[in-house]
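These protein sequences, in sequence, are chains P and B.
Letter 105 of the first sequence, counting from 1, is numbered 105 in this note's numbering, and no numbers are missing.
Letter 176 of the second sequence, counting from 1, is numbered 176 in this note's numbering, and no numbers are missing.
These aren't lab readings, by the way, just hints derived from the structure by calculation.
In this text, all values refer to a predicted model and were calculated from it rather than measured experimentally.
Among the clues, some could well be false.
Note that the list lumps identical chains together, so a pair holds whenever it fits in one copy or between two copies.
[Unchecked claim] Straight-line alpha carbon distances no greater than 30 Å define the calculated DSBU-like cross-link-like pairs of lysine-lysine that follow:
(1) K350 with K85
(2) K15 with K260
(3) K15 with K169
(4) K260 with K383
(5) K15 with K78
2 protein chains.
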Amino acid sequence: MDYTPLFSNAVQRSKASAIRELLKVIAQPEIISFAGGLPAADLFPVEEIADIMQRVVREHPEASLQYGATEGIAEFKKELIGLLKEVEGISATPEQILVVSASQQALDMTARTFVNPGDSIITASPTYLGALQAFHAAGADILGAQSDENGVLPEDVEKNLELLKKQNKPCKFIYLVPDFQNPTGTTIPESRRLKLLELAQKYGTFILEDSPYRQVRFEGTAPRTFYALDEGRGNVITMFTFSKVFVPGFRLGFVVGPEKVIRKYVILKQAMDLCTSSILQLATAEYLRSGKLAEHIKDLVVSYREKRDLMLRTLKEVMPEGITWTRPEGGLFLWLTLPKHMDAMALLPKAVEHKVAYVAGVDFYPAGNVKNDIRLNFSYATKAQIVEGLKRLAQTIKENL
Amino acid sequence: MDYTPLFSNAVQRSKASAIRELLKVIAQPEIISFAGGLPAADLFPVEEIADIMQRVVREHPEASLQYGATEGIAEFKKELIGLLKEVEGISATPEQILVVSASQQALDMTARTFVNPGDSIITASPTYLGALQAFHAAGADILGAQSDENGVLPEDVEKNLELLKKQNKPCKFIYLVPDFQNPTGTTIPESRRLKLLELAQKYGTFILEDSPYRQVRFEGTAPRTFYALDEGRGNVITMFTFSKVFVPGFRLGFVVGPEKVIRKYVILKQAMDLCTSSILQLATAEYLRSGKLAEHIKDLVVSYREKRDLMLRTLKEVMPEGITWTRPEGGLFLWLTLPKHMDAMALLPKAVEHKVAYVAGVDFYPAGNVKNDIRLNFSYATKAQIVEGLKRLAQTIKENL
Chain P
1 MDYTPLFSNA VQRSKASAIR ELLKVIAQPE IISFAGGLPA ADLFPVEEIA DIMQRVVREH
61 PEASLQYGAT EGIAEFKKEL IGLLKEVEGI SATPEQILVV SASQQALDMT ARTFVNPGDS
121 IITASPTYLG ALQAFHAAGA DILGAQSDEN GVLPEDVEKN LELLKKQNKP CKFIYLVPDF
181 QNPTGTTIPE SRRLKLLELA QKYGTFILED SPYRQVRFEG TAPRTFYALD EGRGNVITMF
241 TFSKVFVPGF RLGFVVGPEK VIRKYVILKQ AMDLCTSSIL QLATAEYLRS GKLAEHIKDL
301 VVSYREKRDL MLRTLKEVMP EGITWTRPEG GLFLWLTLPK HMDAMALLPK AVEHKVAYVA
361 GVDFYPAGNV KNDIRLNFSY ATKAQIVEGL KRLAQTIKEN L
Chain B
1 MDYTPLFSNA VQRSKASAIR ELLKVIAQPE IISFAGGLPA ADLFPVEEIA DIMQRVVREH
61 PEASLQYGAT EGIAEFKKEL IGLLKEVEGI SATPEQILVV SASQQALDMT ARTFVNPGDS
121 IITASPTYLG ALQAFHAAGA DILGAQSDEN GVLPEDVEKN LELLKKQNKP CKFIYLVPDF
181 QNPTGTTIPE SRRLKLLELA QKYGTFILED SPYRQVRFEG TAPRTFYALD EGRGNVITMF
241 TFSKVFVPGF RLGFVVGPEK VIRKYVILKQ AMDLCTSSIL QLATAEYLRS GKLAEHIKDL
301 VVSYREKRDL MLRTLKEVMP EGITWTRPEG GLFLWLTLPK HMDAMALLPK AVEHKVAYVA
361 GVDFYPAGNV KNDIRLNFSY ATKAQIVEGL KRLAQTIKEN L
């Protein structure tokens, strides 16, 4: 039978993620990949997790294997409240927190909670591709605000807010990845965060703060989160995930926001998946209680810093003139800019011929209008692969300059 | 700040699940609850799961803790294909299967893939509440087709299909829980299934077959699934979950359908949550490989059959005249009908005073137009609780006849 006349507009709007499609193509072992956003598997706390899993199941069989509350398991939320207080100085009540099946679900949920098809939102340009996918699925009209080495420009955000105001359209939210942004690796300084918060207040909107990499800081001092800087005025909804600092395979994250909004999210989550896995919430609660997360993040920081440093050194050695890149203070990515006339997407098959892969920058731009960037991940490849892979990439670029 | 002007239409359409709200109220231990749809926790294969979890993590640390493919982990899908073949005689390719975070996600995904706000679908009336929630969230106009003791009436489905045809509107799909339906416990016989399939073909739509309880059959012969009866014509998308036959805490299920539709689901799932937990897929694959699922289901059947029998016997003993109920051949629920003048929702607070709880039937009706039904779950309560709880319920009913 022909399903075509039955598909919804949302399906017609959606397109497959370039990255996830790419990951399948470049799975051959001889290709060195800087394409994914995967944490290094060799750092996973395997023994701790194996031990905790069997312990949680044996000690709490019903709680770990039965359905859980849609809001998240109370015991896990208690640990999250402690973590927020300790690490970010944020005070939150259980009613202000929703456990989600990792950040992507929170992005989808936020889009569905606020966006009707045709509604406008503002994001940095470029920004996280998976967020653009979730926002597109809801039919959002995405206005990209320009960025520099300190992240999104408040004046360009304001220009877009003014534009919408003149059209009498609300800005449903401003989506930002403030720390070591995916894809550019840039961090928004505190002064700029305060300006952006003022704008959110002035224009009656909120900032959706996405912080998957924030704890992975190599140097310098972390600016406070938007959530903390907002001081309870309610203009921020913030998202954390355990995918980058613990393990992605658990699909666990949480959202913190005004109780009234979290309540709406809970009702939507009932329709979306009833609840997030009980056993994985309890296991992560146990891991948090053990106090080992901070230690584990220290190991991550040491390893990823070495890899970032190696990537920066090697880029300097191998790249021809006219190529620039960012210098992230943390996270998993840096952003390489080719000369304006080059098209990173067109270059990719040639890179794959040279057995190296990356993600072309174009899909990170809401308007898809900039073609000459490359996102490089430095967390997943080994050090030897970083050196060899960058040599291959430089060779590819030189041949196509 | 005031979020009200920012909320989407979807949020305005959504309402909290009566059941999940209720579950919180009736959590007090002295209340005997027939309200939830929970499997019996004392039957969970705790030791097997504890052992498998630690083994999977130690033996496959990267595969179990890293991100997985959006489609589902190949190794798990291989087991699912074997299971489908063995248990249902269904042949499926990996491309026809999508792993989901349990059935509720498949319901949400199906609604989003096919329904634009205002589009029409047909369901049985009454039908599973969580499905109605997911369909409402997508803005579906839900036409309920009448049912009898053999499930939905094909002639009433056809009446609705004709109605839509006259309005020149497609029926996006027909949603059915064919086996031991939630909430009524009824099963659609094969002859009726064939008629419904003919209707789907005739009117260019498909049947969304939801089979969470199908394996939990106490007696008689199972009709073939809609999917098997369709013989590859593509007019059926079918959903299975491990929540009722294994453990709900894993949040694992799968959808089987035409490759073209599954492909759309995969793209949507990328935006929804990237992928379902790797570790839980691998652990369930391992459990399936061990061959213990069939044995476990046999234990479930023995236990739930005893509980159903006890519930049927006790109902006969304690209920006043004028009260009727269904006699399900399997599953978790039976459906009690009060005299027409009684309102089961209004009765509920009085039942709770008598320390017994149930779900009022009204929310299972798409039109919310029938008030005198009660859904009773017989899987979760102990045998002693079933006897005592039904006495309390009968007492409540007698006092309010």
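**Item:** Identical-chain pair category, K15 with K169, by Cα at 30 Å
**Value:** both (26 Å within a copy, 26 Å between copies)
**Message:** When Cα atoms must be at most 30 Å apart, do K260 and K383 count as within-copy, between-copy, both, or neither?
**Reply:** neither (47 Å within a copy, 41 Å between copies)
**Message:** Checking an output row: K15 and K260, CA cutoff 30 Å. Within, between, both or neither?
**Reply:** between (32 Å within a copy, 14 Å between copies)
**Request:** Could you place K15 and K78 in one of the four classes (within, between, both, neither) given a Cα distance threshold of 30 Å?
**Result:** For K15 and K78, the Cα distance is within 30 Å only across copies (27 Å; inside one copy 38 Å).
**Prompt:** Taking 30 Å as the upper bound on the Cα-Cα distance, should K350 and K85 be classified as within, between, both, or neither?
**Reply:** neither (49 Å within a copy, 43 Å between copies)
Going down the numbered hints, you'll see the structure goes against 1, 4, while the others check out.
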